[in-house]
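A.B. asks: Below, each chain spelled out in residue letters.
Protein chains: 4
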Amino acid sequence: MSKTQVAMIGLGMMGAGMAGRLIDAGFDVAVYNRSPGAADALVARGARRAASPADAVTPGGIAVTMLANDAAVEQITCGEHGVLDTLGEGGVHVSMSTISPALAAALAERHAAAGSTYLGAPVFGRPEAAASGKLWIALAGAAEAKARVQPVLACLSQGVFDLGEAPPLANVAKISGNFLIAAAIEGMAEAFSLVAKNGGDPQAFYALISQTLFACPIYQNYGRQVLARAFSPPGFKLELGAKDIGLVLANGRETHTPLPFASLLNDRYQAGLAKGRADLDWMAIALDVAADAGLPQPA
Amino acid sequence: MSKTQVAMIGLGMMGAGMAGRLIDAGFDVAVYNRSPGAADALVARGARRAASPADAVTPGGIAVTMLANDAAVEQITCGEHGVLDTLGEGGVHVSMSTISPALAAALAERHAAAGSTYLGAPVFGRPEAAASGKLWIALAGAAEAKARVQPVLACLSQGVFDLGEAPPLANVAKISGNFLIAAAIEGMAEAFSLVAKNGGDPQAFYALISQTLFACPIYQNYGRQVLARAFSPPGFKLELGAKDIGLVLANGRETHTPLPFASLLNDRYQAGLAKGRADLDWMAIALDVAADAGLPQPA
Amino acid sequence: MSKTQVAMIGLGMMGAGMAGRLIDAGFDVAVYNRSPGAADALVARGARRAASPADAVTPGGIAVTMLANDAAVEQITCGEHGVLDTLGEGGVHVSMSTISPALAAALAERHAAAGSTYLGAPVFGRPEAAASGKLWIALAGAAEAKARVQPVLACLSQGVFDLGEAPPLANVAKISGNFLIAAAIEGMAEAFSLVAKNGGDPQAFYALISQTLFACPIYQNYGRQVLARAFSPPGFKLELGAKDIGLVLANGRETHTPLPFASLLNDRYQAGLAKGRADLDWMAIALDVAADAGLPQPA
Amino acid sequence: MSKTQVAMIGLGMMGAGMAGRLIDAGFDVAVYNRSPGAADALVARGARRAASPADAVTPGGIAVTMLANDAAVEQITCGEHGVLDTLGEGGVHVSMSTISPALAAALAERHAAAGSTYLGAPVFGRPEAAASGKLWIALAGAAEAKARVQPVLACLSQGVFDLGEAPPLANVAKISGNFLIAAAIEGMAEAFSLVAKNGGDPQAFYALISQTLFACPIYQNYGRQVLARAFSPPGFKLELGAKDIGLVLANGRETHTPLPFASLLNDRYQAGLAKGRADLDWMAIALDVAADAGLPQPA
Chain X
10 MSKTQVAMIG
20 LGMMGAGMAG
30 RLIDAGFDVA
40 VYNRSPGAAD
50 ALVARGARRA
60 ASPADAVTPG
70 GIAVTMLAND
80 AAVEQITCGE
90 HGVLDTLGEG
100 GVHVSMSTIS
110 PALAAALAER
120 HAAAGSTYLG
130 APVFGRPEAA
140 ASGKLWIALA
150 GAAEAKARVQ
160 PVLACLSQGV
170 FDLGEAPPLA
180 NVAKISGNFL
190 IAAAIEGMAE
200 AFSLVAKNGG
210 DPQAFYALIS
220 QTLFACPIYQ
230 NYGRQVLARA
240 FSPPGFKLEL
250 GAKDIGLVLA
260 NGRETHTPLP
270 FASLLNDRYQ
280 AGLAKGRADL
290 DWMAIALDVA
300 ADAGLPQPA
Chain R
10 MSKTQVAMIG
20 LGMMGAGMAG
30 RLIDAGFDVA
40 VYNRSPGAAD
50 ALVARGARRA
60 ASPADAVTPG
70 GIAVTMLAND
80 AAVEQITCGE
90 HGVLDTLGEG
100 GVHVSMSTIS
110 PALAAALAER
120 HAAAGSTYLG
130 APVFGRPEAA
140 ASGKLWIALA
150 GAAEAKARVQ
160 PVLACLSQGV
170 FDLGEAPPLA
180 NVAKISGNFL
190 IAAAIEGMAE
200 AFSLVAKNGG
210 DPQAFYALIS
220 QTLFACPIYQ
230 NYGRQVLARA
240 FSPPGFKLEL
250 GAKDIGLVLA
260 NGRETHTPLP
270 FASLLNDRYQ
280 AGLAKGRADL
290 DWMAIALDVA
300 ADAGLPQPA
Chain A
10 MSKTQVAMIG
20 LGMMGAGMAG
30 RLIDAGFDVA
40 VYNRSPGAAD
50 ALVARGARRA
60 ASPADAVTPG
70 GIAVTMLAND
80 AAVEQITCGE
90 HGVLDTLGEG
100 GVHVSMSTIS
110 PALAAALAER
120 HAAAGSTYLG
130 APVFGRPEAA
140 ASGKLWIALA
150 GAAEAKARVQ
160 PVLACLSQGV
170 FDLGEAPPLA
180 NVAKISGNFL
190 IAAAIEGMAE
200 AFSLVAKNGG
210 DPQAFYALIS
220 QTLFACPIYQ
230 NYGRQVLARA
240 FSPPGFKLEL
250 GAKDIGLVLA
260 NGRETHTPLP
270 FASLLNDRYQ
280 AGLAKGRADL
290 DWMAIALDVA
300 ADAGLPQPA
Chain E
10 MSKTQVAMIG
20 LGMMGAGMAG
30 RLIDAGFDVA
40 VYNRSPGAAD
50 ALVARGARRA
60 ASPADAVTPG
70 GIAVTMLAND
80 AAVEQITCGE
90 HGVLDTLGEG
100 GVHVSMSTIS
110 PALAAALAER
120 HAAAGSTYLG
130 APVFGRPEAA
140 ASGKLWIALA
150 GAAEAKARVQ
160 PVLACLSQGV
170 FDLGEAPPLA
180 NVAKISGNFL
190 IAAAIEGMAE
200 AFSLVAKNGG
210 DPQAFYALIS
220 QTLFACPIYQ
230 NYGRQVLARA
240 FSPPGFKLEL
250 GAKDIGLVLA
260 NGRETHTPLP
270 FASLLNDRYQ
280 AGLAKGRADL
290 DWMAIALDVA
300 ADAGLPQPA
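Chains X, R, A and E, in that order, give the protein sequences.
Going by the working numbering, the first sequence opens with residue 10, and the numbers climb by one from there.
Going by the working numbering, the second sequence opens with residue 10, and the numbers climb by one from there.
Going by the working numbering, the third sequence opens with residue 10, and the numbers climb by one from there.
Going by the working numbering, the fourth sequence opens with residue 10, and the numbers climb by one from there.
Accuracy of the hints is not assured; some may be wrong.
[To be verified] If you want a taste of the chain R side facing chain X, the calculated C-beta under 7 Å gives, among others:
hint : residue
1    : 87
2    : 88
3    : 90
4    : 147
5    : 202
Read the hints as simulated data drawn from the structure, not as lab findings.
For every residue, glycine included, the Cβ atom is placed at its ideal position computed from N, Cα and C.
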C-alpha cells in the first residue's frame, strides 16, 4: 500500500517540526516555504522540495498550512500558484495557523467552490510540542474530511478536539483559548502585585495556587515566568498576543458579544506596543500591572 | 502522654466537619457555637461542650476559629467571654475564617499584648474537604507557633502553604485566591458566550480547555457548572463572593494597588446583588455575561 | 461675477438641508443622490439635477459629500462615474461624512495623484442645524484649499475649527468628539442610577449639574433625554454610535493608544446591538446602566 | 431687629472665605478652628473667637461646618465640647463638607435625638468662589430648616439646589458630581492622547469641543489645565479626588449600584497614589493616560 502524501506548507519554528514529525512517521511529505532555505534539512531527511504551494499539493490530496497570519494564509491559498490551483476535487486543506474566523469562513467558501474541503485546525503548543507530536488541535469542518486526516493529526498531536462542522468554529476556539491565557496572566499579575504591596512574597502565593486550585500548565508555567520577569527571549511575542486579542474583539463586534475582560486586555496590549515591547513575550503586560502599583521595574 | 487540647469555635458547615475530624484523630476537643444545637452531635462523639469561647479555650492552649465574617471573629475573640479572656501566655489562636487583612493585623496586636500568638490560617475547600481533611491552608505568623500547631493543621488539610511571618499575609493570599477564581469564572463565561454567539457549542470548547491548558480543579469544576447553569443550591453564595471581592478592593485601596480585573468583578457582583441573586452560587455572575450578549437566560 | 459652483452629493437628512442652504445663499448647486427622488425638491428650488457624482462635479470645482459610511464615500469618490472622474486639477473635495481616519488618508492620496485636493470636514450637529447653517465643522487639509472653500463652510456652519494640514485629523477630531459624548452619556447614566438607588430624584441632580459645572449642550440635552428615556425615535441611531466607537477603537489600535473608557463603551454598544436596540437612540446604553443596578425598565 | 447668629466652624481655605463673607453681610459670626491662628484675621474683622465648637454655637441657632473629612466632622459634631453639646432644640447644623452619605445619615439621627436638625449642604467651588459668594450648594434635609438657613446660603452661593428631604442625598449629589468631573478628566485625557498619537494638536481639538458641545466650566477649565499639565500647585489634591471616588464606590456597594466608569477611575487614582502623586492636582490622572499611550511625560 502506497504512503499517504501530505503537502506541508510553512516551515517556520512550528511547521518545520511538524514536517519532520510527519517524515519520521512515514508520510510522503512535500515541503514548501517562502524563504527556501528552511526546506533544506527536511529534504535531507527525505521530503520532496516543492517550487510553490501548488507544486507541493497533490490533486485530491492533503495540504497542511502553518503560517504567520491572515495575509499569509490567504496568499498561499488563493494567490498565484496557490493551494487552490492544484488541490481540486476531494482534496483537503488542513489549516493550522491562528487566523480570524472571518478568513476561515471565506476560505471554506473558496474551497467548496473548487470541490475541495477546508478544515480549521489551529493548535495549542510551542515549537517543542510541534516537533514531538504533543500539540493540542482544535478541529472543525466536514465529518468525512476530518476522518480522512485523522492519521495526520494523530501524528502531530496528543489530542484532537472536535468543535463542529463549521470550520471557523475551530478558530473561535483557538482565539478564545488565547484570550483565557491572557486573562490568566493579567489575573495572576494583579494578585502578585497585591501580595507584594502587602509586604508578602508573591512566590509563596504562586506555590499555593499552582499546586492546588490552579495546578495546570498555564498557571504553573506562566506564573513562574511572570514572577521571574522572564520576558525575553519571547516564547510568544507580545505583538502576536496583541493581534490575537484584536481578533477576539473583532469577532466580538461581528457577533455582538460584549467582552469586558478582553477589552481590558486589548488596552494592556496596546500600552505594551506603545511602550516598545512588541518583541518581548506576551506575558510582559505584567510589567504595567506592577508599574501601576508603583512596584519596581526590572532593569 | 496526654492528648493535645484544641478548642474548636464555630461549628457551621465547615467548622463542624473540622471538629469531627479532630475528634477522630484523637485530639482532646472542646466545642463552642453561638447557636448551641450545632454542638450536640460532636459532644456525642466525645467533644466537651463549652459555655463560651473563653470556656472552650485552655490557658496556653490552641484555639481554632472558623466563623462567617469579620464581625463574628472580632466578637468571639475580643468580646465578653472571648478567646482573649482565657488563652493568655503561650496560647495560639489559629484563625481559619476568610476575614480582612486589616482585622487580622488588629487581632494579631491584641494577642501580642496578651502574650498569646495569632496565626492567619484561612482555607480553600468546601465542607466535604473540611470533613475529610482535604483542605488547603494558607498559613502566616510566628514560626514557633506555626510549628506547634502543625499536627492540628496536618489533620485538617492535604497541604499547608507558608505565606510568611505577618499573619495578615495569609488573608491576603486567601482573598487573592478567591479573586483568581472569580476571574476564571468571568473569563470562561465570556469565552463561552463568544463561542455560543458564533453558533458553536460551548461544551466542546470546555472539553478542549479543561483537558489541556486549564486541566485543574477550578476550570474543570466551575466551567462545568457555569455551562450547566447550576447556580442553586449554592456551593458558595454570591453575597459571600461579593464580600470577598470587596475585601480585595478594600485591601487594594489601603495598599494603593490598582486592580482592574477585580474592579470589573466588583461591578458584576453588585449587579448580581441588585438583581436579587445573593443566594445563588457566586458563579451566577455568568448570567449577566450571557444576558449582555443577548443569549437566552435559564427559566 | 459668476456664481460659485458647488456639487452637493448625498441628500439624506443632513445633505438635503445643506443643499437647500447653499441654494438660498446663491451658490450654483448641482445635486446627486443614489436614490433619485431626494433631489426633486432641491431641483424645484433651482438646483441642477446630476446623473452621477461625476456629472455633478465641475472640473476644478468644489464637491461636497455627506454620506452614511466609509463604503459609500469610497464608492462615490473612486467608483465608476465617481467624483475623481471629473474633479481633476485644482478641484477640492470637501468630505463632510463621519468616516475612518484611515479612509480619509487613502482618499487624500488618491486625490493628490489626480491633482485635486481632499479636505476632511466632518460636522457636529443634527439635521435642523444642517438646514439652518448652524453646524460646527472640524476641518483639516491644505491651507489653500481650506481658504478657497471658506465661503461654502461659512454658509453651512456657525463655526469652523482648523485641525491641521493632514485631512484625517479632522476625522480623528470628529470620532473623538463622539467618544466624549458617549462618555458623558455613560457618566450621567451611572450618576443618575446612584442617585436613584439612594432614594433620591435624578431630576434634581440633573438640575444641579446642568445649570452649573456642566451647563453645556451635551449635558443639558442628553441628560434630559436620558432621564425621560426618550430613545425612540432616535436622533442618532445606536448602531451608528456603535460604529463610531468602533472607529475610535480601530484608530486606537492603529496608533497604539489604550482607551479604557472607549473600550467600556464599545462593550455597552455591543450589548445594545445584542439586545436588538440598533434603531433606538444611541443614548439607550443608559438602559443597561439602569438594568445592571436593578432599576425598573421602561415598558 | 437683632442680627442672625451663625457659628462658622472650620476655617481652612474654604471656611475662612465663607466666614469673611458672612461677616461682611452683617451676620453675627462666631468662629472656631482646631489650629487657633486661623481665626485671628476674622476676629479682627468682627467675629467672636470661640474656644470650642460648643462655645461657637448658640442654643437653637445655626452652626455651619466646613471640614476636611468624615473623621473631622464626626469629631466636631459628636466629640467633647462638640456642636451637639450646645445646639439643642430648634438648632440647625448646616454641614457643608464633602463627607460620606453614610456619615450624613448617622449625624442626622444624632441631631434628631437631640432635637436639632441636620442639613446636608456640600458645595461645588474653589476658595475664590467661597470668598466671593459664588459657590453652588447641594441642599437636603427638612423643609423648615432649609427655609430658615436660606439667607445664610444665599450669602455664600450663586445657587442652591434642593435634593430632597433626606440629608444624605445632598452628599450623594456632591460625590456624584465629583465623579462626573473625574470622568470628564479621563475622557478628555483619552481623546487628547488619541489626537496626539495621530500626529494632531490636542489644543486644536480642545478649542473645538470647549467652544461647542462642551462649552461649560469643567471642560473649559480642566481641559486647559490637562493640556498645560498644570498639576502643581494643586487646586484640589489627587488624594482628595481618590477619597471622593472611594466614597462613590463605597456608596455603590451599600446600594448595589455597579459603576464601571467610577471603578476605572478608582484604579487610576490608586495608581496615582502608588506613584507618589498624592499632592498633585487630581487632574494628574491624565499623566497615566498619556504614559500608557507612550507619550512623553513632563520633566
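A.B. asks: State for each hint whether it applies.
C.D. replies: The hints, checked one at a time:
Because the closest C-beta pair between residue 87 (chain R) and chain X is about 23 Å apart, greater than 7 Å, the hint is violated. Of the supplied interface hints, the one on residue 88 (chain R) is violated, with its beta-carbon coming no nearer than about 27 Å to a beta-carbon of chain X, more than 7 Å. Against a cut-off of 7 Å between C-beta atoms, the interface hint on residue 90 (chain R) is violated, since the closest Cβ of chain X lies about 33 Å away. The beta carbon of residue 147 (chain R) comes within 6 Å of a beta carbon in chain X, closer than 7 Å, and the hint placing it at the interface holds.
With its C-beta approaching chain X no nearer than about 6 Å, residue 202 (chain R) sits inside the 7 Å limit, and its interface hint holds.
Going down the numbered hints, you'll see the structure goes against 1, 2 and 3, while the others check out.
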